[in-house]
Every structure is written in structure tokens, then in C-alpha cells.
Amino acid sequence: MNLLLLPMKLLASSEIKAICIAIAVAMVTPFIPRKALIPFLSLWGIISRLVARGARNRCRPINSADSENVKQSARFVMYEDMPTEKRPLALVTGTNSGIGYHTAVGLAAEGYTVVVTCRSHALTRETADRVRVEAQHQRAIFPNRYRNAPKHVIVVGLMPIECDDFDSIRSFVSWFTASFESHNFQVLVNNAGGMRRGLRYSKFNPEFEFHTAVNFLGPMLLTELLLPLLEKNGGRVVYVSSLAHRSNEKCLTGYGTPSEPKSTAANDTLNGKLLRALKELNQGEERSAGPLSKDSLSGAFVRYGTSKLLNIYHAHVIARRYRDVPNPEHRVFACSLHPGVIKSGFAQGIGLPSRLIIILNFISFFFFKTSWEGAQTTLHCAMCPLNELELVMPPTTEGADPVTSKGNNTHKLEDGYVSPYFVECANQTKLMLRKHGWDVKEAEMIIKWAKELLDLH
Numbered sequence: 001m002n003l004l005l006l007p008m009k010l011l012a013s014s015e016i017k018a019i020c021i022a023i024a025v026a027m028v029t030p031f032i033p034r035k036a037l038i039p040f041l042s043l044w045g046i047i048s049r050l051v052a053r054g055a056r057n058r059c060r061p062i063n064s065a066d067s068e069n070v071k072q073s074a075r076f077v078m079y080e081d082m083p084t085e086k087r088p089l090a091l092v093t094g095t096n097s098g099i100g101y102h103t104a105v106g107l108a109a110e111g112y113t114v115v116v117t118c119r120s121h122a123l124t125r126e127t128a129d130r131v132r133v134e135a136q137h138q139r140a141i142f143p144n145r146y147r148n149a150p151k152h153v154i155v156v157g158l159m160p161i162e163c164d165d166f167d168s169i170r171s172f173v174s175w176f177t178a179s180f181e182s183h184n185f186q187v188l189v190n191n192a193g194g195m196r197r198g199l200r201y202s203k204f205n206p207e208f209e210f211h212t213a214v215n216f217l218g219p220m221l222l223t224e225l226l227l228p229l230l231e232k233n234g235g236r237v238v239y240v241s242s243l244a245h246r247s248n249e250k251c252l253t254g255y256g257t258p259s260e261p262k263s264t265a266a267n268d269t270l271n272g273k274l275l276r277a278l279k280e281l282n283q284g285e286e287r288s289a290g291p292l293s294k295d296s297l298s299g300a301f302v303r304y305g306t307s308k309l310l311n312i313y314h315a316h317v318i319a320r321r322y323r324d325v326p327n328p329e330h331r332v333f334a335c336s337l338h339p340g341v342i343k344s345g346f347a348q349g350i351g352l353p354s355r356l357i358i359i360l361n362f363i364s365f366f367f368f369k370t371s372w373e374g375a376q377t378t379l380h381c382a383m384c385p386l387n388e389l390e391l392v393m394p395p396t397t398e399g400a401d402p403v404t405s406k407g408n409n410t411h412k413l414e415d416g417y418v419s420p421y422f423v424e425c426a427n428q429t430k431l432m433l434r435k436h437g438w439d440v441k442e443a444e445m446i447i448k449w450a451k452e453l454l455d456l457h
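Here the working numbering is used: the first residue of the sequence shown is 1, the next is one more, and so on.
Just so you know, the hints here were simulated from the structure itself, not pulled from any lab data.
Note that the structure is a prediction, hence the values are computed from the model and not measured.
Don't take every hint at face value.
[As the list claims (entries may be wrong)] Here are the simulated distance ranges between beta carbons:
1) D295 <-> I38: 43 to 51 Å
2) V70 <-> S182: 36 to 44 Å
3) K151 <-> A178: 21 to 29 Å
4) K203 <-> I38: 47 to 55 Å
[Claimed, not checked] Here are the computed lysine to aspartate or glutamate pairs in the EDC-like style, where the Cα-Cα straight-line distance is at most 20 Å:
5) K451 <-> E231
6) K430 <-> D455
7) K203 <-> D167
8) K203 <-> E280
9) K448 <-> E224
10) K71 <-> E329
11) K441 <-> D324
12) K448 <-> E280
13) K86 <-> E207
14) K279 <-> D81
15) K232 <-> E390
16) K279 <-> E207
17) K203 <-> D295
18) K451 <-> D165
19) K71 <-> D81
20) K294 <-> E280
21) K232 <-> E329
22) K451 <-> E80
23) K71 <-> E85
24) K451 <-> E224
25) K448 <-> D295
26) K203 <-> E285
27) K151 <-> E231
28) K71 <-> E388
29) K451 <-> E207
30) K151 <-> D81
31) K86 <-> E181
32) K294 <-> E207
Just so it is clear, CB atoms sit at the ideal spot from N, CA and C, and this is done for glycine as well.
Given these sequences and hints, build the entire structure.
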């Protein structure tokens, strides 16, 4: 890695910036006069909170007040009396709380028809009502911001999804297609997911490890089944991933049979090793094996991170699949993102002691994002201009800048184009996507394997 990129990588995340400030404050504090200590630490707390909140989404859908040149380049233009079927429609999974909830609110306030999904009928209906009320509240607070948006807030929540219950996903897709086939389906936000401590397996499909089933296979099945509708309207797929996608690098180092090349620090390609590790993991609890099957908290983090890498891989495969479609109006774009380190219920989900959770909640105020702040990058990806979602080519030499596929058509798709990866509302593919995230051959092999598991043809 080019050492000049290290400071840029560290400072690309607002949480790291806040931690760096805290370290500097700790070093300076012993030299601060006692009388000035309380004001000094108070100022630090304010600055740390402002830094940790990160970038805010500035992207908004094109509306009737924009210039004619801008409107001509848009897939749709928002206006006050926009018919329901012409409105852009967004499906957001995992909307009952956190990033998914605030993403749904933000899109609904902008005038998108928003379909929300949760794990039960009752929770889905309740969430739809809360999102609708909150979006209307936002409009009431900022009337000028939304004056050119469609008049009414539309939020639909009728069908649940259990991400590891593939029958429920197929039922949802059947309902969604029948209900919204004539609508302008523009955005699928794959936000739903979770993390569990220890080695757990799906209760609906016990041969599949929990993180693989819930965070990868379920969202992939939903996406693949909805791609025809997205293709019809030229929509986009947004995967809420994580910086944790790098977590499997260490455990895969040296993994391989004598006949296979082993992963090393100098070898950036996985050569099928992650696929083999996934196959060994996903054969039921009693038969699980391989480097991903460690039954511990650290093993759970690795499996969670691996599932987030698989989200990135699926985004790559979709974006590459649609890059050269004959009609650009039917091109589907895909991207992934790191929302930031969020103050959420994840700590409780992995079974941390209550005292540690209290400490983490205190620390999170100064260093972590709120769920609303974490939703900003997701909203950016859902509404940004399509040129921001062009594929990115990896550097051909160490330290070289990547070139977008749109800007350089002399390269072939086989050269390693990947879908963009966003951090802090910006394309940070070169800085923040780890080496395994660029491995398009591994991505294609894993997606092919997953399609076979899900009976997708």
C-alpha cells in the first residue's frame, strides 16, 4: 500500500477523525490550567460530536424548479401534482429502526413512494405509520425545502420479510410485483441484516450460517427477483455494507490446500478460497468447518464482515452485468456503502454485558454516529446523479488513481471494474475498499454458487 494513502484512509471516516482529536486532547490536557480544564473539555466534547456526525447528504431528486438542461438528463422529474404511478418508488428493507427507518423517512419526505418491510405484519404496518408521520413532520418543519415535491407522503407497509426465510421473500416479491408493476420502481435499499454472537444457523434454512443467510442470501434473492422491475425503469440497487468487509483477510491468510496457491499479503486475489470457506461453513451446524466456523465473538465479527463483503460482491456483479445493455434507459446501477459506526442496538444483539453496553453508549455520544447521521450516505446513494454510480477501474499500478468506466472506454470489463463504494456521502472506492473487495473473479464465483443454492437461473 502506498504510505501516502494511509493518512487519507484514516481521515476518510468521521469517527476516526473524532478519535484522533481525542488522542490530541489527552496529550494536551496535562498542560491545561485547572481553571480552564472544564471549558476546554466542554469545547472538546462539542467539537468531537460535530466531527463524529460526518457528512450530510446534499443530493436530492430533480424537480420542476431545476433548469431544463438538468431535467433533460434525469430519469424522472419531481413536481407537485405528480401522479402516483409516475413517482419514483423506493423499497427499503429493515425499516423498523436505525438507518433503514431514517432512510425511509428521508425518501418519503422527498416525494418517493416508499415501501417498508419488517419481520412481521404488525411491525411492518406500525413502521409504515411512523415513517409517514415523521416524513410529514419533516415537511411541516421545512416547507420551502419540499415545496416542489409531490403533494402527499405515500408510505406502504403491508408485507413482511424474514431475510433467511426464502419462502417469505418469494411471497413478498409476488405481492410487490402485482402491486407495483406499473409504478416507477427506482431504488432498492438492502439495509436489513443483523449480527449474532457465536456460531448460529438459520432457523428456516438450518444448513446456512446465520450471517450468510440473513445478510447475504436473503437480500441477494430479493434483489435478483426484483431486477426485472428495476431494469424496466432503469433503477438502482444500494447495499448497506460496512468497513467490516475487511475482517476476513487475516483468517484467510495461508488458507488453502497444497495444490492451491495460498493467500499471502503479496497475493491480492483469493483464488476461490473464500468460496471454499463459505461452502465449508454452510453445511449445517454439525458439519461446519473451515476458517469461518470459529465459535466465538471474534468469529462472529469475521462472519458478519464476510457477509458485508458478499454484499459488495453482489453489487459488483449487478453493476458489471448491466454496464453494456443495449438501451441505457434500462441499465441498472449498483453500489455499496459504509454508513459509519452507528449508535444502535447491535451491542445488545451480540450479547455484550450490560455494564459494557452502558460504557459504549457513553463513548458513542462522542465518537459514533446517530442512526439519522448514519442514514445520510444511504440517502446520498439512493438519490445521487447516476454518473456517481459509474463503475470504477482499479489502479493499474500501485498508487495510481482509478478511472471511472465512463471516462475511459478503452479498457475492457475484464480489467476489473467494480461498483462504487461510498463513505461519508462520497465515492471512496480507491481509499476504503480493501483488496479482497476488488476481486471480481471471486465475486462472480460466489454469486454463481449462491444462485445455485437459491435455485436462481
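### Query
Of the numbered hints stated previously, which ones are contradicted by the structure, given in increasing order?
When the structure is compared with the hints, numbers 2, 6, 13, 14, 22, 25, 27 turn out to be violated.
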